[in-house]
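Chains A and B supply the protein sequences, listed in that same order. Residue 83 in full-length UniProt numbering sits at position 83 of the first sequence, with consecutive numbering throughout. Residue 181 in full-length UniProt numbering sits at position 181 of the second sequence, with consecutive numbering throughout.
Hint data in this document are derived by calculation from the structure and do not stem from the laboratory. Keep in mind that a hint or two might mislead.
Straight-line C-alpha distance at most 20 Å; calculated SDA-like pairs for lysine to any residue [claimed, not checked]:
id	chain 1	residue 1	chain 2	residue 2
1	B	272	A	27
2	B	272	A	22
3	B	226	A	113
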Amino acid sequence: MLYAILCYHDEAVVGAWSKDEDDNVMAKLAVVHGKLAAQGRLGPVARLLPTTAATTLRKDDPPVVLDGPFAETKEQLLGFYVVEAENLDGALEIAQDLGRANPGGAYEIRPIGVFHGAFQP
Amino acid sequence: MTDVAWIDAALTSARPQALGALLRYFRDLDTAEEAYQNACLRALKTWPQNGPPRDAAAWLIMVGRNTGIDDIRRGKRQQPLPDDDHAISDLDDAESEIADRLDGSQYRDDILRLLFICCHPQLPATQQIALALRIVSGLTVKQIARAFLVSEAAMEQRITRAKAAIAKNKVPFEAPGAPERSERLAAVAAMLYLVFNEGYSAGGESADLRAPLCEEAIRLARLLLKLFPAEPEIMGLAALMLLQYARSAARFDADGAAILLEDQDRALWNGKMIAEGLALIDKAMRHRRTGAYQIQAAIAALHARAARPEDTDWAQIELLYGSLEILQPSPVITLNRSVAVSKVRGPQAALDMIAPLASKLANYFYFFGAQGAYLNQLGRHDEARESFNRAIALANTPAEADHIRRHIDRLEDDSKVKVV
Numbered sequence: 001m002l003y004a005i006l007c008y009h010d011e012a013v014v015g016a017w018s019k020d021e022d023d024n025v026m027a028k029l030a031v032v033h034g035k036l037a038a039q040g041r042l043g044p045v046a047r048l049l050p051t052t053a054a055t056t057l058r059k060d061d062p063p064v065v066l067d068g069p070f071a072e073t074k075e076q077l078l079g080f081y082v083v084e085a086e087n088l089d090g091a092l093e094i095a096q097d098l099g100r101a102n103p104g105g106a107y108e109i110r111p112i113g114v115f116h117g118a119f120q121p
Numbered sequence: 001m002t003d004v005a006w007i008d009a010a011l012t013s014a015r016p017q018a019l020g021a022l023l024r025y026f027r028d029l030d031t032a033e034e035a036y037q038n039a040c041l042r043a044l045k046t047w048p049q050n051g052p053p054r055d056a057a058a059w060l061i062m063v064g065r066n067t068g069i070d071d072i073r074r075g076k077r078q079q080p081l082p083d084d085d086h087a088i089s090d091l092d093d094a095e096s097e098i099a100d101r102l103d104g105s106q107y108r109d110d111i112l113r114l115l116f117i118c119c120h121p122q123l124p125a126t127q128q129i130a131l132a133l134r135i136v137s138g139l140t141v142k143q144i145a146r147a148f149l150v151s152e153a154a155m156e157q158r159i160t161r162a163k164a165a166i167a168k169n170k171v172p173f174e175a176p177g178a179p180e181r182s183e184r185l186a187a188v189a190a191m192l193y194l195v196f197n198e199g200y201s202a203g204g205e206s207a208d209l210r211a212p213l214c215e216e217a218i219r220l221a222r223l224l225l226k227l228f229p230a231e232p233e234i235m236g237l238a239a240l241m242l243l244q245y246a247r248s249a250a251r252f253d254a255d256g257a258a259i260l261l262e263d264q265d266r267a268l269w270n271g272k273m274i275a276e277g278l279a280l281i282d283k284a285m286r287h288r289r290t291g292a293y294q295i296q297a298a299i300a301a302l303h304a305r306a307a308r309p310e311d312t313d314w315a316q317i318e319l320l321y322g323s324l325e326i327l328q329p330s331p332v333i334t335l336n337r338s339v340a341v342s343k344v345r346g347p348q349a350a351l352d353m354i355a356p357l358a359s360k361l362a363n364y365f366y367f368f369g370a371q372g373a374y375l376n377q378l379g380r381h382d383e384a385r386e387s388f389n390r391a392i393a394l395a396n397t398p399a400e401a402d403h404i405r406r407h408i409d410r411l412e413d414d415s416k417v418k419v420v
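Please model the complete structure; the sequences and the hints are all you need to start from.
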């Protein structure tokens with residue numbers, strides 16, 4: 001089963017990290033990424049640019065284009081993973097590993113239903 | 001367990017909101033700042049035990065209020081107690097209540113008021129910047145003094161004077177109306193631009209000291225953009241800073257000498273910042289409401305998009321400088337446009353273009369640097385040397401002077417080749 005692990009965190013907090021703090025978190029995450037990749041379970045990984053760079057298209061007719069992200073919430077979607085896991089327990093285990101490397105915020109684990117192309121980690 | 005780095009980042013990011021709200025409440029900069037600092041101390045003690053609060057800013061505002069009120073009660077400050085509210089005892093309830101009451105627009109106006117007070121039009125620019133960095137960013141006086149290359153005592157005095165001037169002038173604390181808001185926004189944007197330039201124009205040897213100014217300006221620009229997500233000029237300002245700062249690792253060599261844009265190692269440019277800057281300027285342009293920051297960002301974007309110097313779209317850059325000249329007529333902008341002109345139509349055209357500026361820019365380092373470069377390209381080496389010598393005399397930093405000296409060295413080499 002494929003799972004999307006969506007990374008939510010308070011963007012203001014992540015944005016206040018110094019470059020050293022940021023590098024430190026990324027280095028810790030790289031260790032977890034390396035482990036998953038070696039097991040052939042890591043799909044695309046993305047860190048999103050800040051929500052200030054986002055644009056939203058409301059699918060009205062005619063469509064409405066708005067500045068900023070879709071949701072006005074305290075925590076924003078800041079990135080995501082696609083991973084291969086046996087079941088939800090396996091996906092949660094991966095998310096816990098990631099969470100130890102990058103504390104704070106929350107992960108949303110969503111099974112992926114339909115996707116295009118073969119999964120080739 | 002709460003990560004110490006997380007607490008640190010949470011305090012930094014909550015600072016403008018919390019301090020802004022405390023300032024609205026106490027109406028006094030010093031009281032608000034002290035209250036905020038006390039709240040931070042409490043946070044450092046209690047968050048590691050109890051875990052982080054649901055809304056860090058709301059927590060700090062409430063605890064700050066309570067400690068500030070206690071201070072006033074104990075007679076530390078000769079100031080009347082704010083009348084609308086009293087100290088709140090039950091932390092959990094009050095925190096969620098305050099978080100609910102402080103909706104987005106309240107936060108926005110508090111932060112804007114805080115920024116606006118720091119860039120009070122009656123303060124000289126250096127005091128505005130110093131105060132904003134002290135109050136909004138929370139940099140220490142020592143850090144700010146180092147960035148501005150002045151003594152700590154001198155900077156302390158500058159900040160104290162700025163605070164005194166603000167206390168003396170009546171500063172409006174009411175929620176700003178729409179016209180005030182847009183007026184303030186422009187003043188705040190200009191102040192952030194100054195902070196950024198202060199950091200950006202540093203010579204190589206002090207780049208480490210001033211980088212925090214650039215990073216702080218970018219952080220505050222992103223904050224402004226969150227408050228005003230549909231303002232194209234704020235998008236432009238943030239894009240401009242990101243695109244310029246993305247090049248910082250390539251701007252100076254190991255000796256601290258400046259490296260020209262066309263000689264920079266583009267692999268050292270920060271790709272993530274460039275991507276963000278490009279996304280922002282793309283978005284801004286869709287609004288079709290041009291402004292000076294957007295045009296400058298668009299120029300920086302054309303440089304950033306060129307994989308090699310020879311891929312640069314100079315014709316488009318010249319057009320953009322043309323629009324900037326119309327928007328903000330200035331000899332310095334014309335001088336910048338002449339660089340694009342020299343690339344598109346050759347050095348003679350550029351030289352003709354800057355000739356009328358000679359009297360206005362008689363004390364401007366870059367004028368003689370550019371003039372020397374055009375003359376050099378035309379093979380008029382003696383005149384070029386004369387321009388370069390004048391540039392050196394006007395150089396503001398050793399790095400600038402060094403840079404021109406290299407041009408002269410190259411001149412010497414050229415003439416030697418000719419003699420042989």
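Hints and how they fare:
About 17 Å separates the Cα atoms of residue 272 of chain B and residue 27 of chain A, which keeps this hinted pair within 20 Å; it holds. Distance restraint check for residue 272 of chain B and residue 22 of chain A: the Cα-Cα separation of roughly 13 Å lies within the 20 Å cut-off, and the hinted pair is therefore satisfied. A threshold of 20 Å between alpha carbons decides the hint, and for residue 226 of chain B with residue 113 of chain A the separation of about 34 Å lies outside it, so the pair is violated.
Checked against the numbered hints listed earlier, the structure breaks hint 3 alone; every other hint is satisfied.
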